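So the protein lines, in turn, are chains X, H, S and P.
Every letter in the first sequence is one number past the one before it in numbering that gives the first Met the number 0, and letter 168, counting from 1, is 167.
Every letter in the second sequence is one number past the one before it in numbering that gives the first Met the number 0, and letter 181, counting from 1, is 180.
Every letter in the third sequence is one number past the one before it in numbering that gives the first Met the number 0, and letter 66, counting from 1, is 65.
Every letter in the fourth sequence is one number past the one before it in numbering that gives the first Met the number 0, and letter 312, counting from 1, is 311.
Quick caveat, the hints were computed from the structure, so don't treat them as lab data.
There may be inaccurate statements among the hints.
Calculated lysine-lysine pairs in the DSSO-like style (CA-CA distance at most 27 Å, straight line) [to be verified]:
(1) 185(X) / 43(P)
(2) 53(P) / 571(X)
(3) 129(P) / 48(H)
(4) 323(P) / 292(H)
(5) 141(S) / 323(P)
(6) 80(P) / 260(X)
(7) 54(H) / 29(S)
(8) 142(H) / 502(X)
(9) 502(X) / 87(H)
(10) 501(X) / 142(H)
(11) 254(X) / 185(X)
Pair ranges (Cβ atoms, derived) [said to hold, decoys possible]:
(12) 326(S) / 296(H): 51 to 59 Å
(13) 296(H) / 13(P): 33 to 41 Å
(14) 131(H) / 397(X): 54 to 62 Å
(15) 296(S) / 61(H): 25 to 33 Å
Computed from a predicted structure; not experimentally measured.
Built from N, CA and C at the ideal position, the CB exists for glycine as well.
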Amino acid sequence: MKSFRFLFAAILVLAMIISGCTSGSETKDKPSGSPAVKETAPASQTAANTNAPGDGAKEAPILAEQVKAGTLPPLAERLPKQADIMVEPTVEEIGQYGGDLRIPWTGSGDKWKVGQPTEEALFRFKKDGSGVEPNVAKSYEVNADSTEFIIHLREGIKWSDGVPFTADDVIFYWEHMLKKETFGKKVYDAYYSIDPATGEKALAEITKVDDYTFKVVHKYPSVQFLERVAIDNKWFFAPAHFQKTILPEFVGEEKALEIAKKWGFEDLKSFGQATGYYYWIYPQIPTLRPWVAKNDPESDQFIMERNPYYWKTDLEGNQLPYIDRIVATKVQDPSQQVLGTLSGDFNLNWFGAKDFTVLKENEKKGDYRVIQWLTTDWAPNGVSVQLNQTTEDPDMRGLFQDIRFRQALSVGADRGEIVEIVTNGISDPVQASVAEGLIGYQDGWKDQWAEYDPAKANQLLDEIGLTKRGKDNFRQFANGKDVVIDFIESSTDTGPFLELIKKYYEALGIKVNVKVVDKATQDEMKYANQIPASSESLAAVNVSLRPDALVPLRVLTPWYGMYGLYTQSGGKEGVKPEGDVAKILEYWDKIKASKTSDEINKWANEIYKLHMKNQWVIGYASPTPALITASNNIRNVPDYLVWADEFRSLGHGHPAQFFIKS
Amino acid sequence: MARSKNPNGIQGNVTMKIIPGLRKNRVQDVRSAAKQDVEYSSQWKLIYKRFKKHKLARISMIVLGLLYFGAIFAQFIAPYSLESYDSKYVNAPPMTIRFVDADGKFHIQPFVYGLKSARDPETMRKIFQSDPEVRYKLQLFVKAEPYKFLGLFKTDIHLFGVEQPGRLFMFGTDSMGRDLFSRIILGSQISLSIPLVGVGISFVLGILIGGVSGYFGGWLDSFIQRIIEIIRSFPTIPLWMALSAAIPPRIPVVTMYFYIVIILALIGWTDLARVVRGKFFSLKNEDYVLAAKISGVSDSKIIVRHLLPGFLSYLIVATTLAIPAMILGETTMSFLGLGIRSPATSWGVLLQEAQKIENVSLYPWKLIPLGSVIVAVMAFNFMGDGLRDAADPYKR
Amino acid sequence: MTQAATRSDKPLLSVKDLKIQIQVDGGVMKAVDGVDFEIRKGRTLGLVGESGCGKSLTSRAIMAINPKECETSGQIEYVSTEGKPNQSVDLLSLNPRGKEIRAIRGRKISMIFQEPMTAFSPMYSIGNQIMEAVLIHRTKNKKEARAITLDMLSKVGISDQEKRFEQFPHEFSGGMRQRAMISMALSCNPELLIADEPTTALDVTIQAQVLELMKSLQQEFGMAILLVTHDLGIIAEMCDEVAVMYLGKIVEQGTVKEIFSNPKHPYTRGLMRSMPRLGGNKSERLESIEGSVPLPVNMPPMCGFYDRCPERIEGVCNKRSVPNTEISDGHTVRCFLYTDREEGE
Amino acid sequence: MLSYIVKRIVLVIPVVFFISIVVFYIIQLPPGDYVSNYSAQMMKMGDVMTDADKAEMRSALGLDRPVYEQYAIWMKKIFTKGDFGFSFNYNKPVTEVIKQYMGLTLVVSLVSMFFQYLVAIPVGIYTAVKQYSIGDYVFSGISFLGMATPHFLLAIILMFLSYTWFGDPLLGLFSQEYVNAPWSWDKVQDLAKHMVIPVIIIGLAGTADMIRVMRGQMLDELNKPYVLTARAKGLSEGKILLKYPTRAAMNPIVSTLGWSLTNIFTGSTITAIVLNLQIQGPVMFNALLGQDMYLAGTWLLFMALLTVLGTLISDILLAWLDPKIRTEFRGT
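Construct the entire structure; sequences and hints are all you get.
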């Protein structure tokens with residue numbers, strides 16, 4: 000475990016530094032005014048200096064047959080023009096065609112399980128996580144103060160139905176879908192820039208330059224525009240030729256409704272959302288993905304087949320993906336995921352760390368390997384304690400906001416025992432913190448308040464003034480009220496951890512109640528501010544890119560409770576942030592208004608520092624890895640990367656390059 | 000009136016329960032009959048007599064007796080408490096209690112070896128080895144964690160155990176290093192008490208309402224039937240979800256579970272009620288019932304004395320069959336956070352915990368609780384059988 | 000039928016030393032202990048005794064329909080008048096579940112039970128259950144069987160048979176049920192009819208009718224009857240011979256005239272005294288013989304009636320088992336009063 | 000009798016209607032609605048929904064309306080268009096969803112039901128006739144085992160054994176290659192193979208109590224005098240057993256058939272979930288958990304109808320099987 004983490008950390012750190020420098024340098028040496036070509040797709044570079052793909056490009060046997068049969072144009076016509084083909088560097092080796100990826104999913108509700116691995120964003124995160132690189136886009140140029148982005152697309156790239164993909168698809172998406180909110184999402188923050196002075200938001204302007212180029216103009220600097228697009232919006236385009244046939248704007252309300260009904264939908268909104276946002280599970284809709292839906296996602300087995308027009312090749316010019324199909328079989332019970340993996344029913348799957356031992360124990364027998372990716376959690380999910388800083392009860396709120404109280408709770412529990420029992424010894428007994436090697440890492444953070452010291456804890460609690468003891472020797476407030484922490488949980492999985500926490504906290508004289516409710520109820524309770532404490536954990540790749548967990552911008556993460564509602568409602572509702580929480584918001588505004596990535600990194604770091612200082616989230620174990628189980632004959636699965644939603648989880652490993660070795 | 004049921008006229012009402020030709024019983028009855036004239040009590044007497052003859056039933060009774068004894072003195076019998084987590088002994092396999100040590104020496108006092116544990120660095124699985132160097136003798140009445148004996152006075156004496164720092168895991172430990180044996184014993188306190196309350200309630204309700212419905216018939220019957228239909232088509236899951244949200248966190252799970260069992264019972268009586276009703280329908284115009292009616296016996300009396308005995312056997316079977324369902328009932332609740340939740344423990348919880356593939360494949364001893372459930376259920380049912388056969392009016 | 004009686008001196012059924020034992024916790028219970036009697040063609044033998052004396056077991060033993068628990072020994076010789084004359088079968092030797100006995104049951108020997116209430120299954124129509132017997136023994140043809148059944152029903156005085164045929168037991172009154180039962184028993188005109196307390200469950204008036212019916216039917220069919228009852232009145236009315244049973248033994252046996260004119264055994268006398276007057280309260284009956292029947296379990300060799308006997312002889316009756324003495328032709332009694340003691344040993 | 004049945008059938012309508020109200024009310028009783036469920040689910044996959052998104056969705060699905068309105072609309076559609084509404088989860092009309100799963104549901108439950116009766120009744124008779132024989136104890140033991148073991152655990156164990164012995168845990172009703180394949184002999188065989196475990200589990204538990212009941216009934220009947228009468232008629236033991244006691248003992252089992260009508264569809268939900276059987280039970284279970292109102296509502300309505308009809312059927316059977324009641328009805 001450990002060794003792996005260090006090695007990996009090293010790599011990442013390296014990556015950061017490099018990217019840091021470059022970005023630094025960029026901003027300096029540049030004749031202001033005329034935009035200079037700054038970064039072109041590493042892909043196309045490699046494309047240039049590899050023995051020209053396209054000619055002699057090879058394709059999957061099934062496709063070759065179709066070509067022979069004349070039902071499919073030859074490969075050369077399907078791929079983008081040579082220079083624009085995206086060539087993926089080899090991971091382990093050049094692959095072989097054929098085979099299925101057999102994965103379990105819980106049904107169409109589980110869209111992202113097939114969505115993330117097949118996702119093709121305009122810009123995607125580099126494997127080292129240091130920043131984004133062109134993907135669907137070929138390259139981009141940006142001006143000095145990051146207000147004007149010119150993005151080049153790949154010429155000759157085609158939708159999975161063979162229709163060419165051009166800038167029009169981007170503009171269409173922007174004009175007729177995003178801005179019209181046809182799929183139940185507001186225009187993403189990424190497309191707004193903020194006035195450093197007033198902080199008011201300005202929507203970007205996006206215009207077509209030519210068929211393969213478009214321009215994004217921000218009113219104010221938006222240094223992280225591309226990264227934020229990659230996270231907020233991921234893709235940035237839609238098949239205009241298809242959408243025109245279903246969008247009310249084009250076919251008219253009642254016709255659209257009629258179509259929706261034909262698809263089995265009741266109303267246009269859900270239809271719009273399904274076709275405009277969750278499009279990849281509908282076989283009717285063309286995409287740019289390596290695999291495209293082939294049957295009804297509601298059937299017991301959902302199948303995605305290779306996209307004959309996929310626009311990436313390997314170094315030898317073999318069209319990707321290697322694997323013919325993704326076969327997602329519906330499962331209902333978690334144990335089936337494990338059992339199915341052991342028995343090889345599923346040759347690719349991913350798990351949380353709690354199944355580590357059973358998976359490892361059966362590695363040989365099941366002829367698969369368990370690949371461990373680092374997660375961006377601050378602590379394993381359900382092995383940390385978030386205290387709602389704005390909890391209803393004034394007395395408890397007072398305590399929760401008292402840093403000494405949090406420290407007491409932190410040192411009051413034996414992390415050694417917790418990691419042994421709860422994480423089965425996989426984790427280290429450390430504080431909730433940013434793992435080494437990730438953005439926001441702080442020295443000494445993971446050891447802050449980490450050693451078990453009940454005496455100290457009691458002393459702190461006494462200092463706070465909780466000296467009064469009630470029946471069963473529980474601490475009381477001066478007013479005679481018991482000090483009680485109520486945990487509201489949405490699953491029983493966190494049971495063991497909370498049992499231990501209860502034991503330790505009550506040993507300190509602090510009563511603990513645990514209540515389990517269903518997810519929806521918990522969701523409701525969040526808004527009603529009825530969740531005093533939760534064992535939810537935090538995860539964030541980079542606060543500046545996705546602040547939800549660390550910055551109270553809305554009702555989402557338990558620790559900041561109603562502070563979020565305050566910012567969200569522009570001060571109408573919720574609780575006004577004070578002290579360090581207010582500072583965090585301050586820094587956040589600074590980040591949004593920053594002109595350079597340095598600035599951003601600086602403020603981001605400040606936010607992390609505040610979190611380190613306050614430890615609103617008390618962690619009791621180091622994050623556990625995400626586990627990917629792949630049959631031994633599935634190759635090209637990267638050995639260690641960061642498993643993060645921002646990086647699209649498994650998608651970060653470029654499944655298009657996976658292949659089944661015979 | 001009794002004559003109509005009476006096989007051979009003479010001897011009053013006594014011999015009616017015995018088919019002619021079964022002289023043994025009959026003669027006994029002839030004797031006992033001299034003393035009492037109330038047919039009813041004599042029937043119970045008979046049932047009792049016959050029950051004593053049912054070997055398996057007697058054994059089952061003893062088994063149940065033991066189980067309940069264990070439940071009552073659980074804290075005393077269990078070597079460890081429910082909160083005795085121990086990170087050193089996570090998922091430890093059952094220990095063998097030995098008399099002969101490594102070098103073949105026999106010890107009169109049983110003992111267990113100490114456990115050496117290590118983690119497999121690859122799979123992180125805890126591997127345990129008993130090391131023959133350290134031997135811990137099994138002792139009676141050892142001092143260990145304190146508890147309240149029968150909730151009365153504090154003590155720290157446990158029936159048996161090994162001296163510190165030794166540990167005794169007869170059935171191994173669970174994923175939190177708790178002794179499974181102790182958990183089973185302590186779990187029986189809930190599993191052997193609360194479910195029976197539920198069964199009892201639905202049993203009474205079933206007979207009462209079903210009886211009334213079937214006996215009086217008419218609009219009352221059809222009204223009750225409609226009610227039953229409505230109750231039966233009650234969607235419980237959302238009900239539970241609502242409940243789990245409504246209950247304040249301060250309510251301890253066990254209390255909560257108790258209420259839930261009662262609610263379950265309030266819903267669950269319908270099946271029995273229907274059968275009872277059906278039976279009453281057919282029995283209520285038996286001559287002897289009519290006779291009783293004519294001779295002005297009160298309805299309640301008729302129901303209790305003439306109708307119920309008529310299918311006592313069925314009721315017994317039905318009830319004993321209902322028990323396992325109730326014991327396991329809570330397991331289906333727990334995912335809504337309503338069932339019993341560790342550290343509070345019941346057999347249902349233990350089975351729930353055992354459910355993971357991980358346990359079935361790596362730590363099979365976690366299935367031991369299943370054994371205890373099966374034993375209990377069998378005991379209940381065989382005892383029910385005994386009662387049934389005893390209650391059978393035409394018993395050989 | 001008188002000629003039939005004379006045609007063969009061999010009795011239709013002769014029971015020899017019939018013993019029935021039942022294992023009980025106490026030990027072995029001698030429910031029936033060496034019973035002998037004969038039934039001649041067309042005649043009626045009454046088997047009388049208070050309940051629990053073993054008469055029902057005896058009668059069932061003939062049909063071999065006692066429960067397994069009854070270990071039965073002795074001989075029950077049955078001489079069929081059909082087929083080869085005078086060729087006899089030992090009913091006890093037959094497999095109680097086997098073909099032969101079943102061919103005899105209900106066909107040649109049939110039975111009326113005392114409990115018309117439960118003797119019919121409530122599930123099937125009376126007609127169905129009667130016809131069943133016919134279908135087993137007489138004809139496979141349903142139409143025919145039905146005709147026979149209806150005819151039988153009319154014979155036992157059930158009017159409106161067509162309707163009755165379809166009706167269920169619970170729609171019949173007790174008397175009607177018993178009539179139906181009789182018609183079922185006679186549907187295959189048997190040679191021997193065993194009537195176990197046929198009228199006990201019936202009201203006195205109905206009793207009379209039913210008995211009347213049985214008599215007349217006997218005239219018509221000429222079958223012999225073994226009438227098991229506790230009611231001497233019925234015996235007097237119906238029987239030619241009578242055997243008085245007490246505690247598994249026949250204590251006195253003879254023609255009705257003989258027994259009634261001069262009963263010998265104290266028990267018989269007791270019974271005589273307790274003869275029911277019509278409408279008399281039945282529960283009085285046994286008061287006249289004080290004490291109750293002992294359990295015949297591991298009884299020492301002694302007279303079973305000893306402790307209840309008004310004329311008991313200390314040191315004799317309770318010391319040895321009582322031998323059978325023939326007083327006059329065909330009149331036997333089992334009592335020390337009529338034995339010269341030395342003989343006894 | 001007929002008039003009675005008619006009376007009852009007339010009663011069905013108001014009862015079911017009333018139930019529909021109760022049901023609908025209860026479904027939305029728990030806090031939160033489909034949308035909050037959905038957002039919670041999406042959140043887990045990193046797809047965060049803002050309040051705006053949720054409000055949007057609610058209004059789209061008409062969940063922002065008050066309950067009685069939703070109910071009224073639902074009912075109106077049912078009566079006017081025979082449209083039972085729309086399943087949010089499946090983005091399909093409710094009826095579609097139900098149709099999709101009906102086939103296999105019937106297969107599974109009918110097969111296991113058939114299995115139950117096939118096993119339970121003979122065994123019940125046997126254990127009664129051979130009371131206290133070894134066989135009696137063995138069968139009783141097994142049936143208790145079936146009762147005492149919770150389905151979910153038994154399912155897991157069997158799946159695991161099947162995996163360790165045959166290398167195939169027999170997940171679901173089909174092997175992967177057959178799930179979408181058109182029906183063929185191989186597919187049928189594959190289905191048969193996968194039916195083994197469910198049938199054992201569902202069957203075992205079901206048979207257990209049926210055996211007990213049958214045994215109890217038989218013991219009651221076996222010693223009734225009419226058996227003796229039948230024997231005296233010269234009827235063979237086998238015939239006696241079948242015609243008299245068995246027929247009588249069957250009554251409660253047969254007459255309760257109607258009541259268990261609903262089990263055909265929901266009986267084995269837990270088992271189905273653990274064994275990953277794609278049948279109604281789990282679908283409805285999730286609909287209830289996820290507050291997929293119309294799907295759940297329609298389903299429960301359907302169940303209610305079955306319950307009510309089931310009762311009717313049972314009552315009729317009861318009457319029809321028991322001459323006493325039958326004649327009583329003839330009277331009235």
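Hints and how they fare:
1. In summary, the hint linking residue 185(X) to residue 43(P) is supported, as the alpha carbons are separated by about 20 Å, within the 27 Å threshold.
2. Restraint check for residue 53(P) and residue 571(X): the C-alpha separation of about 19 Å stays at or below 27 Å, so the hint holds.
3. For a cut-off of 27 Å, the pair hint linking residue 129(P) to residue 48(H) stands: about 22 Å separates their Cα positions.
4. Of the supplied pair hints, the one linking residue 323(P) and residue 292(H) holds, its CA atoms being roughly 18 Å apart against a limit of 27 Å.
5. Restraint check for residue 141(S) and residue 323(P): the C-alpha separation of about 26 Å stays at or below 27 Å, so the hint holds.
6. This hinted pair checks out: residue 80(P) and residue 260(X) have alpha carbons roughly 15 Å apart, not beyond 27 Å.
7. Between residue 54(H) and residue 29(S) the CA atoms are separated by roughly 26 Å; this keeps the pair inside 27 Å, and the hint holds.
8. Proposed proximity of residue 142(H) and residue 502(X) is supported: the alpha carbons are some 22 Å apart, at most 27 Å.
9. Between residue 502(X) and residue 87(H) the alpha-carbon distance is near 17 Å, which keeps this suggested pair within the 27 Å criterion.
10. In summary, the hint linking residue 501(X) to residue 142(H) is supported, as the alpha carbons are separated by about 25 Å, within the 27 Å threshold.
11. Taking the CA atoms of residue 254(X) and residue 185(X), the gap is near 25 Å; set against the 27 Å cutoff, the hint holds.
12. For the pair residue 326(S) and residue 296(H), the supplied restraint of 51 to 59 Å holds, since their beta-carbon distance comes to about 52 Å.
13. In this structure the supplied range 33 to 41 Å holds for residue 296(H) paired with residue 13(P), their Cβ-Cβ distance being about 37 Å.
14. Taking the beta carbon of each, residue 131(H) and residue 397(X) are about 57 Å apart, inside 54 to 62 Å as hinted.
15. The supplied range of 25 to 33 Å is met by residue 296(S) and residue 61(H), whose beta-carbon atoms lie about 30 Å from each other.
Checked against the numbered hints above, the structure violates none of them.
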